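Each chain, written out:
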Amino acid sequence: MSAPSSYEQAAGSRLYLWVWVWLLGLTGVEIFLGYEHLPLNLMLTLLMGISVIKAALIMAYFMHLRFERLSLFLTLVPALVLCICLILIFFFPDSLRLHELRPQ
Amino acid sequence: MAEAHTQAVAGSRWGGGAAPYAIGSKKLGMWLFIISDALTFSVLILAYSYVRVASPDWPAPFPFYPAIVYASVMTFFLLSSSVTMVMAVSAAHRGNHRRAVQWLLATMAGGAGFVLLHLREWLHLIHEGVRPFSNPWGAPLFGGTFFGLTGMHMLHVTVGVIYLGVIAWGFGRKRFSSEDVEVSGLYWHFVDLVWMFLFPLVYLLSIKTP
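Chains as they are written, first to last, in our numbering: chain Y, 9 to 112; chain S, 136 to 345.
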C-alpha cells in the first residue's frame, strides 16, 4: 500500500537534513532560553511554542504527514491538539497565579 | 465529480469498502496507536504539571554539567536517529535491503546511546539521594514525576530499539515489506517527538541556577 513514487518525490535527503538542522537549532534556542532569567509565564510560552514547532516539523516531514491525504491530517491533528491542551491546562493560566500568590 | 466519488464508495461497500485515508491498514493502526500513546504521555505530563504547580518548594536540581549537557547530547542522539530512520525508510522503498538494514542499525545505535546516557543520569540522581517519594532538596514527589516521565519514555525507546531490531532482521531476510519499515519509522519518530516535550518540561524548567 505504500507509494514509492510520491515518497521519492517528497523525500530528497537534503530536505531531511535541513529539517534535522532546524530541529537542532531550535533545541539550541531552548537550552539558551533555559538559562535566561525570564518570568515563568513567558518562559513556558516560549519553550512550549518552540516544542510545538519541533513536533510539527517531525510530524510533517519525518512522519510524512505533509505528503499524506488531507483526511488523515484532519483526523489526527485534532486529537494531538487535545493532547497539547492537556499538557498545558495546569500550567496556563490559572496555575501561574498560584506562583504569584505564594508567600515568598 | 461528487457523484462519481459516491458511486466509488457505494460500489465498494461489499468489496471491503474504500480506503478513506489512502494508506495501508498497518500504517493506520500505528497512527491510531500513536494517538492513544500521545494521550498516555499527555496525562503523565498533566499529573506532573499539577504536582509541580501545587508544590511550593519544587526542586531545580539540574546543573549545566552533567545533567543539561547529557540531556542535550541525548536530544542530539534522538534527533539524529530520526534522520537515519528516514534514510532507512527511503532505502527500503527503493528496494535497497542492505542499505536499509545499515540505516536501521545506525538508528538502533542512536537509541541505545540515548538509553545508556539516560541510565547514567538516573544512577547519578539515585546516588544523590533522589527516590520516587523523597529527595534531599524539596517537594518529595519530584522523584516520582521525574522517574515516571523519563522512565516511561525510556521504556518506549528500549522497546523501539528491539522493534527496529526485529524489523531490520526481517527486512534483511525479505520477510517484511518496506511498509513495515515505514510503520516502525512512525513509532520511532513519535518517541523522538515526545522527548521534544519532555526535555524542556523536565530538564530546562528545573535548571540549577548558581
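What the hints contain is simulated information worked out from the structure, not anything from laboratory work. As the structure is a prediction and not an experimental result, all values here were calculated from the model. Among the hints, erroneous ones may be present.
[Stated by the list, open to error] The calculated label-pair distances, taken between Cβ atoms and stated as ranges, are: (1) L48(Y) to A157(S): 43 to 53 Å; (2) V89(Y) to G307(S): 17 to 27 Å; (3) K309(S) to L48(Y): 51 to 61 Å; (4) L82(Y) to P198(S): 39 to 49 Å.
Ideal Cβ positions, reconstructed from N, Cα and C, are used throughout, including at glycine.
### Task
May I ask you to test the hint 51 to 61 Å on the CB atoms belonging to K309(S) and L48(Y)?
holds (54 Å)
### Message
Between the beta carbons of L48(Y) and A157(S), is the distance compatible with 43 to 53 Å?
### Response
Given about 44 Å between the Cβ atoms, the range holds.
### Task
Can you let me know if the beta-carbon spacing of V89(Y) and G307(S) is within 17 to 27 Å?
violated (39 Å)
### Task
Given the hint of 39 to 49 Å, check if L82(Y) and P198(S) actually sit that far apart at their C-beta atoms.
For P198(S) against L82(Y), whose Cβ atoms are near 45 Å apart, the range 39 to 49 Å holds.
Hint violations for this structure: number 2 only, all remaining hints satisfied.
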